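Enquirer: Sequence:
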Amino acid sequence: QPLSDVDAYLAAERVKYPPGVYLMHFTSNHDVNSWDGTEYERLGANVLPFAVLSALLPGMPLVYSGQEAALRKRLAFFDRDPIDWQDFPLQEFYTRLLQLNKRHPALHNGTLASRFERLPTPPAAYAFVRRHGAAAVLTAINTAPTPLLLPLPATAAGHWSDVFSGARVELRAGLELTVDAHGWRVLERVVNEECNSRVAAAGG
Numbered sequence: 007q008p009l010s011d012v013d014a015y016l017a018a019e020r021v022k023y024p025p026g027v028y029l030m031h032f033t034s035n036h037d038v039n040s041w042d043g044t045e046y047e048r049l050g051a052n053v054l055p056f057a058v059l060s061a062l063l064p065g066m067p068l069v070y071s072g073q074e075a076a077l078r079k080r081l082a083f084f085d086r087d088p089i090d091w092q093d094f095p096l097q098e099f100y101t102r103l104l105q106l107n108k109r110h111p112a113l114h115n116g117t118l119a120s121r122f123e124r125l126p127t128p129p130a131a132y133a134f135v136r137r138h139g140a141a142a143v144l145t146a147i148n149t150a151p152t153p154l155l156l157p158l159p160a161t162a163a164g165h166w167s168d169v170f171s172g173a174r175v176e177l178r179a180g181l182e183l184t185v186d187a188h189g190w191r192v193l194e195r196v197v198n199e200e201c202n203s204r205v206a207a208a209g210g
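Per our numbering, the very first residue in the sequence shown carries number 7; after that it's consecutive.
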């Protein structure tokens with residue numbers, strides 16, 4: 007299914023549910039894992055990009071048992087079926103995502119909901135910016151087997167920090183943001199630096 011289906015889903019949510027409702031997004035749960043397959047069976051190389059998308063869209067993310075341990079088996083639905091907790095290869099990945107979701111004002115929901123700006127993308131990609139006041143988070147995922155060069159609108163110009171690498175990024179209108187094959191980029195706007203830049207430009 008094309009990622010443009012996400013737009014139709016979000017539009018249907020806005021019609022079906024009143025403002026302020028918290029809707030849950032996930033890539034796996036008890037029923038899906040047992041009956042439809044693990045996230046690795048269903049999403050293949052795009053497990054992590056879709057995890058990023060479900061965590062940062064408007065709503066509440068859910069992490070199912072075993073996802074932080076990269077669970078690759080279907081759990082028995084009615085019988086005891088322990089998860090192997092010896093390793094947690096995705097613990098840091100999910101920790102970063104959930105901490106960002108919790109702390110960042112641009113990702114608030116309910117009565118404090120942020121503004122959602124969809125960015126133009128090819129069919130195999132999805133990108134958006136969520137804003138609350140001066141705070142903003144830019145999210146882009148690429149499900150294609152080739153890298154994506156995402157054109158940036160004027161509204162994305164400014165100083166940003168890459169949530170996963172920690173690198174500082176300066177975006178300008180007309181530039182392109184690189185997103186790896188089966189990859190993602192999550193940037194948060196650096197507000198203080200932009201304020202300081204404007205003061206310096208004004209001679210303050």
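Derived from the structure by calculation, the hints contain no laboratory data.
Honestly, I wouldn't trust all of these hints.
Stated by the list, open to error - Derived Cβ-Cβ restraints for the label pairs, each shown as a range: (1) L104 - H36: 18 to 26 Å; (2) V27 - T101: 23 to 31 Å; (3) R124 - L104: 18 to 26 Å; (4) V175 - L29: 15 to 23 Å.
Quantities reported herein were computed from a predicted structural model and do not represent experimental measurements.
Glycine included, every Cβ here is placed at the ideal spot set by N, Cα and C.
Enquirer: With reference to the structure, classify each hint as holding or not holding.
Expert: Hint check results:
1. L104 - H36: 18 to 26 Å: 19 Å, holds
2. V27 - T101: 23 to 31 Å: 27 Å, holds
3. R124 - L104: 18 to 26 Å: 23 Å, holds
4. V175 - L29: 15 to 23 Å: 30 Å, violated
In terms of the numbered hints stated before, the structure departs from hint 4 and from no other.
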